[in-house]
Each structure stands twice: as structure tokens, then as C-alpha cells.
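Line by line, the protein sequences are chains A and B. For what it's worth, numbering that gives the first Met the number 0 labels the leading residue of the first sequence as 0, then goes sequentially. For what it's worth, numbering that gives the first Met the number 0 labels the leading residue of the second sequence as 0, then goes sequentially.
Simulated from the structure, these hints should not be mistaken for laboratory data. Every residue, glycine too, gets a C-beta built ideally from N, C-alpha and C. Take the hints with a grain of salt, since some may be wrong.
Here's a subset of chain A near chain B, in silico, CB distances under 7 Å, partners left out [claimed, not checked]:
1) F81
2) A82
3) M85
4) F280
5) Y311
6) W317
7) P330
8) L370
9) H371
10) R375
11) P376
12) G377
13) P379
There are 2 protein chains.
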Amino acid sequence: MSSTAVTGIGQLVTCDGTDPDLLGIRSNAALIVENGLIAWIGSAADTPAADAQIDVGRRVIIPGFVDSHSHLVFAGDRGTEFAARMTGQPYDGGGIGVTVAATRAASDDELTRLLASRIDELRTLGTTTVEIKSGYGLTVADEVRALQIARQFTTETTFLGAHVIPAEYAQDRAGYVDLVTGPMLQAAAPYARWIDVFCEPHSPHAFDVEEARRVLAAGAEAGLGLRVHGNQLGPGPGVQLAVELGAATVDHCTYLGDGDVDALAAVAEHTVATLLPGVEFCTRSPYPDAARLLAAGASIALATDCNPGTCYSSSMPWVISLAVRELGLTPAQALFAATAGSAKSLRRTDIGRLVLGNRADLTVLDAPSYLHLAYRPGVPIARALSLTASGEMPAE
Amino acid sequence: MSSTAVTGIGQLVTCDGTDPDLLGIRSNAALIVENGLIAWIGSAADTPAADAQIDVGRRVIIPGFVDSHSHLVFAGDRGTEFAARMTGQPYDGGGIGVTVAATRAASDDELTRLLASRIDELRTLGTTTVEIKSGYGLTVADEVRALQIARQFTTETTFLGAHVIPAEYAQDRAGYVDLVTGPMLQAAAPYARWIDVFCEPHSPHAFDVEEARRVLAAGAEAGLGLRVHGNQLGPGPGVQLAVELGAATVDHCTYLGDGDVDALAAVAEHTVATLLPGVEFCTRSPYPDAARLLAAGASIALATDCNPGTCYSSSMPWVISLAVRELGLTPAQALFAATAGSAKSLRRTDIGRLVLGNRADLTVLDAPSYLHLAYRPGVPIARALSLTASGEMPAE
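Throw the hints in and build the complete structure from the sequences for me.
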């Protein structure tokens, strides 16, 4: 077991502070990493001896981003659909079928290669933990395959057989819900930590509240944690369902009524509102009101929703810049939501904060201050730090 | 003189087409580069022999971005001002004084090192030509120094002594205009191709139309081409002044009346409206109406305005994604404006289009289609291609 000292840190953002300094910023700090974990944090002047040393040249160290919502196992290209949407074609979830067809047609090797390349990309943008959903297979074999491939890269895998009703079940919605909650769940559960459902009355392809309730109840019965896609395309029952069932997170939260905000605030200890502003950017939709959620006392997270339809960006820094520009968050609130907040939505305490004993998932910013994440939009200033000893995306 | 073949091009975007295919896209194409210039373009199957070969692996090749508006010679940090503005503090141009003080205090070596690092950054984001303005010196010696340093990196240098009225001349505006149009211009002109002025009645720090006219007339007399910052913070005379004087470009164009649009359309052959949507993003301002300009027949360009106050982004891909989301441009129109359009605003025909005899400034996109510039916001898919033979930012 070797140790690595990380020194020359211009600004250490631990995300372990208390409001109003959520970020717990330390200056003149250093870290010791052992076996992929943080073994020591203190003043640079007191740094103990270590087997190796990385000097980050007065740059900023933050917790690696936790991207708690992605759909990265897919094949095919939908750039043309995106361009059409930018000229006014609305999004209703129907394009998912295009990706389903391409994903089913791809080989295991091709899907694995594509996913590996996407994981490389997000690490170069500073993300160190990613949640990955299935949902472009929609058959027992294809959903299981997606989860098995995702599982090679993360423990945070989510069974999303209830992404859309596939075309072949358009006339038999109940039959598809039977499949998802029966044989598909049974086959998928060993490879998934979570179950998720696209609960959205405004899309004919998505699931209504009773269908979603069946899916989530079956998932809970199978031992999976609950996540919900809710209130994306218009007001809907997704938030209330997630709160009622004690889901870890309800994602999107674009259209919230006062009752939804109050409900999320009441369960802030264990249910997070995950905001995905990249989707609103890429679908030219209104943005969620993050400041209202925070003012009410709700817990929030930020994630990319990286997917080929509604947001093909893997960049958490870009999401942070949008959250500051468009959602009314301060740069500190946005960074906290993208690290500790997202970790909370995964019910993880070992990531998202740089404290003793936590994973040494460190991201370095080529900047004098974390403010540059919002101040320098579109510039790739963040990257996951590779530690010679142990920090290279350790097996979870 | 050695030659390099560029092969394996999945999509070649020449930007030499005609409306509605502005982009002049070729498939199965290859290029030969000799001495930094395009010596041959044709079908891959017919590629002549060359001394070296670069296979770009089925990626996209586009003309390198032309960033025709930047303020890259500066020292100091304004991240805190940015964060304050995001909580509601308006922008009126006053923060420029902060950068002036820091820039004057920096050594030549420090300014050169900072600029070199910014040039590296923009090349990694796909930009191959950048215009650089002075304007953070505002003394004869400091303006000349900025231009001399900028000149080491580009021939497209712009004298912007008329950026703001410096604090020490606040009570003697006419005296400062005398300085800018007299001794400062005389000393700066040998190092500048262009002169520019911040003509903005809505900022107490900027220049009114008569002051701006004096500055531009003196610059023309000294042999410099004309550029104007106009109509940024509200309706104003900048566009009309630029048109009247035959400027190559009027930049920002955020607030245009019908008369401004008509005037720009009438001079589309030689005066470009340069849009800088990163500024509207970073100052939370309304966006210019690019579609209205195009519909009227005006020429448009896109640039970053990379500067420490109102847009500290050097990313042309990010600007393109904003132009599609917020300005109503198609991905093709946005890419054309960021290459051939920006080249036109610099009155250059040797860049911005990939045609025989032009500079081989090639940018490669890690994507199957140029659409990904808009489809993948925040993801650094573009980079300037380094050619072993000649393509590495050749001296201009």
C-alpha cells in the first residue's frame, strides 16, 4: 500500500462546510492519498512523508463531479433530430425509439467500446462517479446486456426498462408493464442498484402514475433503490409519487407546483430534486427554479442527463455554468449540488466530499478559484486527477 | 518543402458552398497540405503521393475557427465580479478599470506568458486565427506594449486605446480623446492592423458618437482598418457610425432598430455584424436577433469576445451552441459565421474556407458530423490539427 501526497493546492474545496460556506474551502492545504482513500488532510506545511508526490501547481482541487443521471449505453446518432428540434420541432420522447433500434442492433463489443469512450470523455471533464441507466434495450436480453456493460464501469447502475413503451407494445401497455415488473426486472436486478421510471403524462410514450407506481413497487420489492423521472414536460404526479415512495431522487423537476416544492422540502433528508438544465438548453424549454427549491429547504443535485436525445453533453462544468446563468444558483451552490448533492441522490457518503476516509476522487481545475467553473463557460478547465498510486478510477 | 496528406476524413466542411448549403460539404474527400497551404482537395481515392500522412479516423474536418474579437492581453482575476453580477449586479463597463490596473502592474514576461497560455487554450478548442485587441493599458507605453506582445501571436492586432476613458481622465474626456487620436495612435499604429472604439451611450466609461467618430477617423488616416463596438448595452449610434465610415465590422449588435438592420443589409458586402452571444450569456442580457439580420441580408460573424469582464470563454464551439440555442441560427449558419463569416470581418480570404491555395488551418471534430458542435454543448470535440509538415500555427 503506497501513499501519494497532493501538494501545491491553490484552493481546496472540500464540500464539507456548513451554510453559508457550503464549500468548506481551505487554503494552503495538502492531502495524503492511500489505497484510493483520503488518509490525511491538513496544512501544507505539516504534510507527512509519502511514497509519491503530485504538485498541482497552485491549481484548485475539488471533489470529482458526481454525475447522478446519465444514459450512456447506446449506439446510433441523433444529430439530425437535434438540428430539427432547434428549428422548432417539439420534444415528446418519441425519438428514444430511434436509439432503441440502433442499440439493439449493436454488438456487445461495439456498445462496450462506445461506453468506454464516453467514460474517458467525462473523466477528462472532471467526473469521477457516474450513474448509468439502461433503457435503450427494452427487451429482457437487451436491458440485461446494457446493465452488464454499464456494470463494468460503475456500481451505480439503474434499471430503466420503464423508459418508454416500446413500439411493439404500443397497443398493450399493461403487457409491457407486466414484462418490466416481472421477467425483465428479475433478470436485470442482479446487475442494478436502482430502478427508475419515466413518469410523464405529457408524453404518449412514457408511463402514467399508476404504471409508474407498479414499476417502482416491484423494484423496491426486488431490493432496488428508487429514482424517478418526473415533472419534465409539464406539471405531473412524478414528484408526489417519488416522495410518497421514499425515492432517493426525482429528476428534472422542471414544472413544479407549490405542493411539489413543499413535499420535496419536507423530505429533504432523504429525497433529492435532481436538476438537469442541459436538457432545457438542448430542448429549448423553460428552466427549473432551483432558487425556489433551495429557499423552501429542499435538497438539490445537478447532473448531465447525458443521452443522445435531449442532452448529448457529458460536461458537468457546462451544467454548472447553466445552473448559475439560468437556474439562479450561486457558483458555490451549483458546485455543491454537482458533488455532495449528487452523491446524496445516490445515497453515498464516501464521494462528493473530501474528508478523511472518503474516496480520493479528486478533480483539478486549471484556475485560481472554483468560481471559474461558472466564469469560464465552455472551457475545459476541469479534469479528474490521475494519482500514480491509486486514484485512477479505482474499482468500486 | 514537404507535403502532408490528410486522409480518413469522415466529413469535409469547406465553408465554400452556396446558400442553402453554405458549408460545401464533401464526403470521401482528402487534402494535400504543402508549406502550410492547401495544395490539393479531391476524392480520397485519387489522393496523390505525399511525404507524410495524417489519418483522422473518419472524423470531421472544418476550417479552423476564426475568433475575430478578443481581449487576451491582460492580467488579474475578476471571478468575484462575475459571481456578484450573477446575483444581480448590472454590467456598465466599469470593471474594465480593474483589469487596467492589474495589466499595467504586470511585467512584459508575465503578460507574454499569460497570452501564450490563452493561445494554447484556444487552439485546443479549434481556433486557428485570433484577433487581439489592446485596451487594458490606456497609456501610450502600455497600449504599445500590449500590441507588441499580441503581435508575437497574430497579425490581427487591434488598437483599442478607446476602450474606456481611464479614471485619471474622468474629468477630461476631450484630453483623453486627444491622446488616443494623437501620440497614442502614432505610437501604436506600427503594431496594429485595426483600430476599434467602444461607442456606447449607455456606459459612462465609453465613448459617445462624436468621440468615436474622431477616433475612427484618426485611425483611418493612420492607415488602420476600422472596427466598432456598438449597440451592446442599448440602442445606440454605433451601427450607423460603422456603416457610415465603412468599418469592416460592428461588434455586439445586441440592440438593433429596423434602421440598423437595413443599414447593415445595405453594406453586407463589406461590413459585417459580429455577434458575441457569450457576452449576453455571461452578463445575463437579452440575445441579439441573428435570424432577423440574416433574413434582411446582412453578413454576420460569430466570435468569443474572450475578456476577463463580460465573457471569459475562449470556446468557439460553445459560442456556436449558444448561437443555435439562443440566436435562432441553424448549426450550418452558426458554423459558417464562425469561420468564413469571421474571416470576412477581418477582410481575409485566405482563411475561414478550405479551398485551393488557402491556409491549411484545419480543425478536427471528434464526431461524425459538424452538427455535433451544437449537439454536444460544453464537450471539447474540436481541436486545431497539428500537421507535422507545416500546420502548427505558422507565422502569418
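Outcome of the hint check:
no.: 1; hint: F81; result: 4 Å, holds
no.: 2; hint: A82; result: 5 Å, holds
no.: 3; hint: M85; result: 5 Å, holds
no.: 4; hint: F280; result: 6 Å, holds
no.: 5; hint: Y311; result: 5 Å, holds
no.: 6; hint: W317; result: 3 Å, holds
no.: 7; hint: P330; result: 5 Å, holds
no.: 8; hint: L370; result: 4 Å, holds
no.: 9; hint: H371; result: 6 Å, holds
no.: 10; hint: R375; result: 5 Å, holds
no.: 11; hint: P376; result: 5 Å, holds
no.: 12; hint: G377; result: 3 Å, holds
no.: 13; hint: P379; result: 5 Å, holds
Comparing the model with each numbered hint stated earlier shows that all of them hold.
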